[in-house]
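Engineer: Quick note: the sequence shown, position 128, residue 1283 per the numbering used here, numbers continuous.
Just so you know, these hints were derived from the structure itself, not from any lab.
There may be inaccurate statements among the hints.
Computed Cβ-Cβ distance ranges for the label pairs, DEER-style [as the list claims (entries may be wrong)]:
#	residue 1	residue 2	range
1	Arg-1334	Asp-1370	32 to 38 Å
2	Ala-1337	Asp-1370	38 to 44 Å
3	Trp-1300	Gln-1266	28 to 34 Å
4	Asp-1370	Glu-1259	31 to 37 Å
5	Ala-1277	Asp-1370	17 to 23 Å
6	Asn-1345	Gly-1265	14 to 20 Å
7	Gln-1266	Lys-1333	24 to 30 Å
8	Gly-1371	Asn-1280	30 to 36 Å
9	Gln-1281	Ala-1366	27 to 33 Å
10	Leu-1212	Leu-1390	37 to 43 Å
11	Phe-1342	Glu-1312	33 to 39 Å
12	Gln-1214	Ala-1337	33 to 39 Å
Straight-line C-alpha distance at most 20 Å; calculated EDC-like pairs for lysine to aspartate or glutamate [claimed, not checked]:
#	residue 1	residue 2
13	Lys-1220	Glu-1252
14	Lys-1278	Glu-1323
15	Lys-1278	Asp-1258
Cβ coordinates follow ideal geometry from the N, Cα and C atoms, glycine included.
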Amino acid sequence: MKIYLISKKKALGAVAGVLTLALMFMLIPAQPLPNPTVLSYGVANKVIIIDPGHGGLDQGATRGKYIESDITLQISKKLAQNLSQAGAMVIMLRENESDLAGDEFTGTIGQHKREDMKKRVAKANQARADLYISIHTNAVPNTVWTGAQTFYKPNNEESKIIAKAVQEELSKTLGNTKRKAAPGSYFVLNHTKMPAILIETGFISNPREAALLADGKYQSKLAFAIFSGVAKSQLTDPSNSSLKTP
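Required output: the full structure, derived from the provided sequences and hints.
Structural biologist: Written out as structure tokens, the structure reads:
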């Protein structure tokens, strides 16, 4: 588990990080983008869990050379950089191709996956995080489907607010999805004790979108859109911020 931390004593470093974020605008020319300095106020000093989906024995969805666990890790690392440069403390649940159950786990593949999911949730809850973000790619038998979509913890207004803001930024930034944020009955959403969202960043089952998801520049656009959505959800009405302040 890796923690990305920018303390108050390193405020000048955070400002430098914000300037780095500004350079990312070159990768997203389609829409006017928010000022990253302003966005930093939405996430500064927040504890945010990033969960790159799958890993280890579970590669997730695949299409030819494209593997979900690889793609989710790459996007998650970019998102972690965005958030930490804006002053958030980011905890990555997975830093490489291993999962949390470990290589020495004995049992069936199904048992291994369940143990992995339980440990992800446990680490998030133990960290008393302000927000849980799970990153995935989608896959269905029909290869025509495309588009990123954000899911949120059912019956949780804070999660819904964040998910809707993230989905709006994904739609504006990527320009290729009209999907809406929706409640999702996922294990990590149902069992975490903080606001939680899960982002299906696109369909790896679609040939064109699979290639985009594996592209570094497109991953940067995805990561910045997620960061921007999370931050904006906290700036709409600071007095009603859905993420608690330490």
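Engineer: Should the hint that Trp-1300 and Gln-1266 are 28 to 34 Å apart at their CB atoms be regarded as holding?
Structural biologist: Roughly 31 Å apart at Cβ, these two residues keep to the hinted range, so it holds.
Engineer: Kindly confirm whether 32 to 38 Å is satisfied by the beta carbon distance between Arg-1334 and Asp-1370.
Structural biologist: 20 Å, violated
Engineer: Can you tell me whether the CB distance of Ala-1277 to Asp-1370 sits inside 17 to 23 Å?
Structural biologist: 34 Å, violated
Engineer: Within 33 to 39 Å: is that where the Cβ-Cβ distance between Gln-1214 and Ala-1337 falls?
Structural biologist: At roughly 25 Å between Cβ atoms, Ala-1337 and Gln-1214 fall outside 33 to 39 Å, so the hint is violated.
Engineer: A range of 37 to 43 Å was offered for this pair. Does it hold for the Cβ distance of Leu-1212 and Leu-1390?
Structural biologist: 40 Å, holds
Engineer: Measuring from beta carbon to beta carbon, are Asp-1370 and Glu-1259 in 31 to 37 Å?
Structural biologist: Holds, at about 35 Å.
Engineer: Just to be sure I understand the hint, the distance between the Cβ atoms of Gly-1371 and Asn-1280 should be within 30 to 36 Å; is that true here?
Structural biologist: 33 Å, holds
Engineer: Next pair to validate is Lys-1278 with Glu-1323; report whether the Cα-Cα distance is within 20 Å.
Structural biologist: With a Cα-Cα distance of about 29 Å, the restraint between Lys-1278 and Glu-1323 is violated, given a limit of 20 Å.
Engineer: Checking one constraint from the list: CA of Lys-1278 to CA of Asp-1258, max 20 Å. Satisfied?
Structural biologist: The hint holds at about 18 Å.
Engineer: Need the status of pair Lys-1220, Glu-1252: alpha-carbon distance at most 20 Å?
Structural biologist: 15 Å, holds
Engineer: Falls inside 33 to 39 Å, the C-beta gap from Phe-1342 to Glu-1312?
Structural biologist: With Cβ atoms ~21 Å apart, the hint is violated.
Engineer: Just tell me: holds or violated, for the beta carbon distance of Gln-1266 and Lys-1333 against 24 to 30 Å?
Structural biologist: With Cβ atoms ~39 Å apart, the hint is violated.
The structure fails hints 1, 2, 5, 7, 9, 11, 12 and 14 (numbered hints given earlier, in ascending order).
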